[in-house]
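Student: Modelling step: build the complete structure from the supplied sequences, incorporating the hints.
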Amino acid sequence: MMGRNDREAAQAPSAPGEPGAWVFIVGDMAIFTALFAAILYYRGEHPDMFAAGQATLSQELGTLNTVILLLGSILVVLATRASAAARNDAAARLVAAGASCGLLFAAVKGLEYGRVLNEGHSMHTNDFFMLFFVVTGAHLLHVLLGTTALAAMRRRVAAGLPGIRDRTIFETSACYWHLVDLLWLIIFPLFYLVN
Amino acid sequence: MTSADSSNGARRPRIGPPERVGVWTGVALVALLGGGFAVGGFIPPPGPGESAAEIASHYRDNVDLRRIGVIMLILGGTLLIPFGGVISDQLRRVEGIGATARLTQFGAACVAAGLMMTFGSVLLVALMRPDFPDTTYQTLNSLSFMAWIGLWQPGALQAAATAAAILSDRSETPVFPRWVGWYSAWMAFGSLMGSLIPFFTHGPFAWNGFIGFFVAATPFFTWFLVMIYQLRRNLARDEEPALTAVAIGDGAGVAERRAVT
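Top to bottom, those sequences are chains A and B.
Residues in the first sequence are numbered from 248 upward in steps of one, following my numbering.
Residues in the second sequence are numbered from 112 upward in steps of one, following my numbering.
Don't read these hints as lab results, they were simulated from the structure.
Since we're looking at a predicted model, the values are computed, not measured.
There is no bait here: all hints are sound.
If we take Cβ atoms under 7 angstroms as the criterion, some of the chain A residues that face chain B in the derived model are:
id	residue
1	Gly267
2	Ile278
3	Ala281
4	Ala285
Pairs of lysine to any residue, SDA-like flavour, derived with a Cα cap of 25 angstroms:
id	chain 1	residue 1	chain 2	residue 2
5	A	Lys356	A	Thr372
6	A	Lys356	B	Gly305
7	A	Lys356	B	Ser306
8	A	Lys356	A	His368
9	A	Lys356	A	Ala284
10	A	Lys356	A	Thr303
11	A	Lys356	A	Phe279
12	A	Lys356	B	Ile322
13	A	Lys356	A	Ala281
14	A	Lys356	A	Val441
15	A	Lys356	B	Phe310
16	A	Lys356	B	Leu303
17	A	Lys356	A	Thr313
18	A	Lys356	B	Pro309
19	A	Lys356	A	Leu322
20	A	Lys356	A	Leu426
21	A	Lys356	A	Leu440
22	A	Lys356	A	Gln306
What follows is a list of derived Cβ distance ranges for each label pair:
id	chain 1	residue 1	chain 2	residue 2	range
23	B	Ala210	A	Ala299	50 to 58 angstroms
24	B	Ala139	A	Ile321	49 to 57 angstroms
25	B	Ser162	A	His371	13 to 21 angstroms
26	A	Asn365	B	Glu283	51 to 59 angstroms
27	B	Ala139	A	Thr303	46 to 54 angstroms
28	A	Asn365	B	Pro244	41 to 49 angstroms
29	B	Ala328	A	Ala262	22 to 30 angstroms
30	A	Pro263	B	Arg203	32 to 40 angstroms
By construction, the Cβ of each residue, glycine as well, lies at the ideal position given by its N, Cα and C atoms.
Tutor: Below, the structure written as structure tokens:
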């Protein structure tokens, strides 16, 4: 018979994925918080420069990348549900599709960087472009890490996550993927919309 | 019978004075590096975009205090070696991994120590001759802080090797809790910020900037604090008398515990 403490432990809400991995995720969020603070500070110092810089960015490409990442997150949510229901082949396909969204995002971002560079702007042009290239570049690095983590999990998901820690590692990869999405949902308005 | 050769099969590492002292070198290391930066007037250090005259005037003020600060930095850097040794000693207890991770961790610690010694000496050369031309100060300052802040690879490698070892631990009673491995991985990944240092002479990403110095220093210093905290716990755990399943509540267990202690 379950004791009171056992029942409470069973009912206690727990973080998805491996608890220790949240140290990494929260740490990453802390660094990005500092980057967002830098954006807000420099935008407050140079509102005209930021408005002019924003006008040169393609809102269409930024919006396209937002849609791609949101789609990636939905696919990963569906993958975790399919995996939990032991629909392993479907889950593996969804994981692959989610990781493909990461590659697609990187391709669009490369296109956008090429366009901005062709217009004669670089991270040395002014504070706006310095922050644009550094912050979106750091985010792109996170997208690629998340993509790699998902791609690395695909086979194990297809096999039904047989290892002791496989499920928590898969959930951790999914959480990291959502973090990447969340960060973009802050970056996108800061560079493309608000000014 | 010593605690190192218990017959119960559990991990009973040998803990001696060098291990205990090694953990305290971590405390001294953090105090000396933090104190050295403060005493030397390097919070933040003279920036890469400052003029030669500005940098020279920085080094010509409070020369002796700055010399003391740099000596503290060199000494703190030297302690990276024994502290790296204690971490390696714990990492070798991780079941199922070879020597690569612990040797890499220790090697990276030694390289980081070498950087602190080498470029600390460069700053001591600058501080030895206040009559040097201003541009000499600018060059020596740039050499030292590019190495100390811009060369993030040894510190990141030390943390990455630690993370790899900790997260590879398959034991039911792992040597380190997994969150320490993830924290180390974050420190290594966060160190990539140092890649921005060569690109900027002004602004938040320069080596004296808000991100390049203050934010980047946070994962670095807190990693040492986390490792000190966890190593102290590990040593305290390893020094406890061996208690096994058979030792709970029966006479044989009590006898074994007496034998072990």
